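> Spelled out from the first residue to the last, the chains are:
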Amino acid sequence: MALPLNARHAMLGGVSGKHRSPVRGSSLEFAQYRKYVPGDDTRRLDWRTWGRSDRFYIKEFEADTNLRLCLLMDTSGSMNYGPADSTRFDYARKLAGTLGYIAAQQGDAVGLWSLAEKSVEIPAKRGASHLGLVLDQMAGIQPVGGTTLLTALHDAAEKIRQRALVVIFSDLFVPPAELKSAIQHLRFRKHDVAVFHLLDQQELDFDFDRPARFIDMEGGEAILADPSLIARNYREAVRQYLHEMDELVRTTGMDYQRVKLHEKYDDVLAKFLLARVEKKGGR
Amino acid sequence: MTFLAPALLFALPLAALPVIIHLIHLYRRRQVKWAAMMFLQMAQRMNKGLSRLRQILILAFRVLAVAAILFVITRPMAGGLLGLTGGVPDTVIVLLDRSASMEQQNLATGTSKRAAGIAKLAQALRDTVGVRSKLVLIENGHLQPQLLEKPESLIDLPLTGPTDTTADVPALLQGALDYITTNQTGRTDVWVLSDLRQSDWDAGSGRWQALRSAFATLKGLRLHLLSYAQPAAQNLAVSVQRVVRNETAGKAELLLDLRVTRDASSHEPMELPLRFVINDVSSTIKVEMKDSQLVLQGHAIPIDKTTKRGAGRVELPADASPADNVYHFVFDEPAVLQSVIVSDDEAEAGPLQAALEAAADPTRKYAATVLSPARAAEIAWDDVALIVWHAALPKADDLIGKQLMNHLSAGRSILFLPTESANSEAFGGQHWGAWSSESKPASVEWWRNDAGLLANTRSGTALPVGDVEVSRRCEILGEGTPLARLTGNLPLLMRADIPGDGNAWFLGTLPGSGSSSLARDGVVMFAMLHRALNEGARSLGRAQQREAGTAALGSGDLSVWKRQGQTVLSSEQPLRAGVVEKGDKLVALNRPLREDHPETLGKAALAELFAGLDYHVIEDQVENDASLASEIWRTFLFVMALALLGEALLCMPAKRDPQPSPAR
Chain A
19 MALPLNARHA
29 MLGGVSGKHR
39 SPVRGSSLEF
49 AQYRKYVPGD
59 DTRRLDWRTW
69 GRSDRFYIKE
79 FEADTNLRLC
89 LLMDTSGSMN
99 YGPADSTRFD
109 YARKLAGTLG
119 YIAAQQGDAV
129 GLWSLAEKSV
139 EIPAKRGASH
149 LGLVLDQMAG
159 IQPVGGTTLL
169 TALHDAAEKI
179 RQRALVVIFS
189 DLFVPPAELK
199 SAIQHLRFRK
209 HDVAVFHLLD
219 QQELDFDFDR
229 PARFIDMEGG
239 EAILADPSLI
249 ARNYREAVRQ
259 YLHEMDELVR
269 TTGMDYQRVK
279 LHEKYDDVLA
289 KFLLARVEKK
299 GGR
Chain B
60 MTFLAPALLF
70 ALPLAALPVI
80 IHLIHLYRRR
90 QVKWAAMMFL
100 QMAQRMNKGL
110 SRLRQILILA
120 FRVLAVAAIL
130 FVITRPMAGG
140 LLGLTGGVPD
150 TVIVLLDRSA
160 SMEQQNLATG
170 TSKRAAGIAK
180 LAQALRDTVG
190 VRSKLVLIEN
200 GHLQPQLLEK
210 PESLIDLPLT
220 GPTDTTADVP
230 ALLQGALDYI
240 TTNQTGRTDV
250 WVLSDLRQSD
260 WDAGSGRWQA
270 LRSAFATLKG
280 LRLHLLSYAQ
290 PAAQNLAVSV
300 QRVVRNETAG
310 KAELLLDLRV
320 TRDASSHEPM
330 ELPLRFVIND
340 VSSTIKVEMK
350 DSQLVLQGHA
360 IPIDKTTKRG
370 AGRVELPADA
380 SPADNVYHFV
390 FDEPAVLQSV
400 IVSDDEAEAG
410 PLQAALEAAA
420 DPTRKYAATV
430 LSPARAAEIA
440 WDDVALIVWH
450 AALPKADDLI
460 GKQLMNHLSA
470 GRSILFLPTE
480 SANSEAFGGQ
490 HWGAWSSESK
500 PASVEWWRND
510 AGLLANTRSG
520 TALPVGDVEV
530 SRRCEILGEG
540 TPLARLTGNL
550 PLLMRADIPG
560 DGNAWFLGTL
570 PGSGSSSLAR
580 DGVVMFAMLH
590 RALNEGARSL
600 GRAQQREAGT
610 AALGSGDLSV
620 WKRQGQTVLS
630 SEQPLRAGVV
640 EKGDKLVALN
650 RPLREDHPET
660 LGKAALAELF
670 AGLDYHVIED
680 QVENDASLAS
690 EIWRTFLFVM
700 ALALLGEALL
710 CMPAKRDPQP
720 SPAR
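So the protein lines, in turn, are chains A and B. Under our numbering, think of the first position of the first sequence as 19, with each following residue one higher. Under our numbering, think of the first position of the second sequence as 60, with each following residue one higher.
Each hint should be verified, as a subset may be incorrect.
[Unchecked claim] Straight-line alpha carbon distances no greater than 27 Å define the calculated DSSO-like cross-link-like pairs of lysine-lysine that follow:
#, chain 1, residue 1, chain 2, residue 2
1, B, Lys-461, A, Lys-282
2, B, Lys-461, B, Lys-662
3, B, Lys-92, A, Lys-278
4, A, Lys-112, B, Lys-461
[Stated by the list, open to error] Taking CB as the label site, the calculated pair distances span:
#, chain 1, residue 1, chain 2, residue 2, range
5, B, Asp-149, A, Leu-242, 32 to 40 Å
6, B, Leu-696, A, Asp-227, 28 to 36 Å
7, A, Asp-227, B, Leu-109, 45 to 53 Å
8, B, Leu-708, A, Ser-104, 41 to 49 Å
9, B, Leu-116, A, Tyr-119, 56 to 64 Å
10, A, Leu-242, B, Leu-672, 50 to 58 Å
11, A, Lys-282, B, Val-91, 54 to 62 Å
12, B, Leu-708, A, Tyr-119, 46 to 54 Å
13, A, Leu-242, B, Ala-670, 22 to 30 Å
[Unchecked claim] Facing chain B, a subset of chain A residues (Cβ under 8 Å, in silico):
#, residue
14, Gly-69
15, Leu-149
16, Arg-231
17, Val-256
These are computed hints drawn from the structure, not numbers from a lab. Remember, it's a predicted structure, so these values are computed and weren't measured experimentally. Glycine residues also receive a C-beta, built at the ideal position from the N, C-alpha and C atoms.
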């Protein structure tokens, strides 16, 4: 059985779909009772309740709708990091493409946003041809330049008007405290936020054997460093950063996946999708 | 610090090689494209201070190591604490104390303090200064600057050989000062080689103040004092105070008064062999020494009756200080102890003549003549030991004045008595003032009883000087050494400060009953006159005992003096102990007895003497073989090793992080 891509929050879709909607609808799944107010459709009155309590209640049912999947891809220069045959962005592309495909297969809308100065913004739409457009655009993106992740996330929060499953693919090399406001902005707009935090093991270990000149892939300064002198402090800095990131996840409630580039992407996706299936099942 | 291969110092910039290589490596390091710069920057910030310091230290250690290697190949020489630093001076002046006490030896090697000091100084100067500085020697024997070609000459020169003299260190420094100011020597190092004996340094002399002031004005002057102050352990010294040939009907003998002294800290009784050598005939006696001093009075040594004159010596067993183990003496038929009283006043001259003709020593003959001042020219200058001058003081440029001065220079004595008539002339810096009479006779309140004319007797009994009454007193004006004072601190007897061996005294009263009780009581006057006579008689006669010194044999041609035993250069004759003869004159030369006093100057005293001057003291010992300056390449190798070790420690990779890498 293929794993579906589920939203963890109610979605406001334009058409019927497989996802829960905040609007009460006509599905078979009971949602709640509420008091009758003038103007309500009298056909929805629950006469049995009226008979028992002499009060008018409207019986509401869940509405199923489709999902808007917005794929937000970090396209800064640091996304080019990774083994020669597979960069961080390649990895992100595989994840995003697969998720887009799954969503399209479910009849959900798929959009693409590149988080860079010259951004690609493809609003979420349904249809195989639109998916083809998204994938083509995705294949054409070349990560370059400095990071504008925070600005781009705030922009995206403003531009994605309707509730959507916003999936971010990034190395998140920004201060967690600053990232927090961007995530909270997305959450404020009722988006279901998922993050694929893509890291390489070398970036965590800093396991170099001799001094080197480290050149910033985002065009910043070069740093001469002796790993034997600073490795301990480097790891301490990473440890502190990841701790803050965990704290960020806890406080924002986003769906966070820390991914190392040597992991198989299908395992990562399976883990991501399964977690969402379990969430839905528990509703 | 100096270098045997100074040209190689031009390679010193090579010490910067580690820094240059470091900079080259800085730009040749491999490049890594890196995304997680955020962590790298944070790590750099955390590590910044320590890492920078570590890097600087590593570089410093590398530079130090290279510099040390370069210094090693330049063969550095250093005196270290010796102060042989700061480059080569224009002139080096060596002031050498050749006094008898400098002959104290290292018993194991037989090397004296003087020889050890000279050898070390010569080596140090050769290794550090070489022939680049003008080298000047001034030694206490002649006090004349001697230009040397090379430092090694110090070892070979007769001028640096042993003597039995005493040193006058202020005079040595004055000699250096004169040389510096006369020759404008530029940057000058003055080396003083001495054993710091108080008797040689004369710390109480007023000359030091003048020397300090003069040296303080000289720029670029450095004083180095190479001192050998350690005393000789268990040292014994012998001296002979009196030698008299005594002949009776049946035998002839020499009567010796001699003294043996030893270190004051030694009190154990010891049996001591004393060897007497008289006219090459030796005899040895054993004496027991119980205290720090042994005095033999009138020790009789039989001699042949036909031996009327001769020479001899007393010897002690060898010890660390050989210069005081031998004392030479000569003897002859004793000369008549002649004195002349120059006076018009018969009342005063009478008691004086009577006292001087009375025999204090029954073995000697005494003669006293009274001459009026007008007949003073008739004095037999060569034969008279004491002149009692009761006449107006002569003018300094008068013939009689010069003759009196020559009389003193020859080691004889003069006792000046005041005359009734006023006289403003001065002699030896002193002159007579006004007469004053006391209604009640004044008594002597203070007198010097340890030395001089009024000293205690040999048995330690004081002279009855306090009983002397003075009713008339003539004021003594001028600088001198007081020997007795009346009530009210008024000088009665003064010794004039006149250079040379002779003595001149001024007595502020007359012996007659009108002035004092000296003639009436007699004892004090008799002792005083005979002591003055004996002082003057030391240089009287054909056989004389003299202290070794530049002027010991006079200022004439020294080559006419023949030495008994070993031969020495004529210029060194008066400086070395022994017996010399000229014609019928026999002279025994010995060390001045003040050389036997072991007291030395302490650091505080030296600091006071050299206050305000750039000086430093190197305390050496005659047993110390280490040279003053040596190649110190080993030190630099050690520094290099330390630098490399430090560099290696700093370069060691940090300990592996015990915590697992984050998010593994």
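> Do the Cβ positions of A/Lys-282 and B/Val-91 conform to the proposed distance bound of 54 to 62 Å?
violated (26 Å)
> Hold the hint about A/Val-256 up to the distance rule: shortest CB distance to chain B must be less than 8 Å.
Nearest chain B Cβ about 4 Å off; hint holds.
> Can you verify the interface hint for A/Arg-231: is its Cβ closer than 8 Å to any Cβ in chain B?
Constraint on A/Arg-231 satisfied, holds at 5 Å.
> Could one say that the CB atoms of B/Asp-149 and A/Leu-242 fall in the range 32 to 40 Å?
Because 53 Å falls outside the window, the suggested range is violated.
> When you take the CB atoms of A/Asp-227 and B/Leu-109, is the distance between them in 45 to 53 Å?
violated (21 Å)
> Can you verify the interface hint for A/Gly-69: is its Cβ closer than 8 Å to any Cβ in chain B?
violated (61 Å)
> Regarding B/Leu-696 and A/Asp-227, is the given constraint of 28 to 36 Å on their beta-carbon distance met?
The hinted range 28 to 36 Å holds for B/Leu-696 and A/Asp-227, with Cβ atoms some 34 Å apart.
> That 56 to 64 Å hint for B/Leu-116 and A/Tyr-119 (C-beta), does it hold up?
holds (59 Å)
> Is B/Lys-92 close enough to A/Lys-278, meaning Cα to Cα at most 27 Å?
Between B/Lys-92 and A/Lys-278 the Cα gap is close to 18 Å, so the pair holds against 27 Å.
> Run the distance test for B/Lys-461 versus B/Lys-662: straight-line Cα separation, threshold 27 Å.
violated (45 Å)
> Report holds or violated for the interface hint on A/Leu-149, using the least CB-CB distance to chain B and a cut-off of 8 Å.
A/Leu-149 check fails; min Cβ-Cβ to chain B is 30 Å, beyond 8 Å.
> Check the hint pairing A/Lys-112 with B/Lys-461 against an upper bound of 27 Å on the C-alpha distance.
The hint is violated at about 130 Å.
Checked against the numbered hints above, the structure breaks hints 1, 2, 4, 5, 7, 11, 12, 13, 14, 15 and satisfies the rest.
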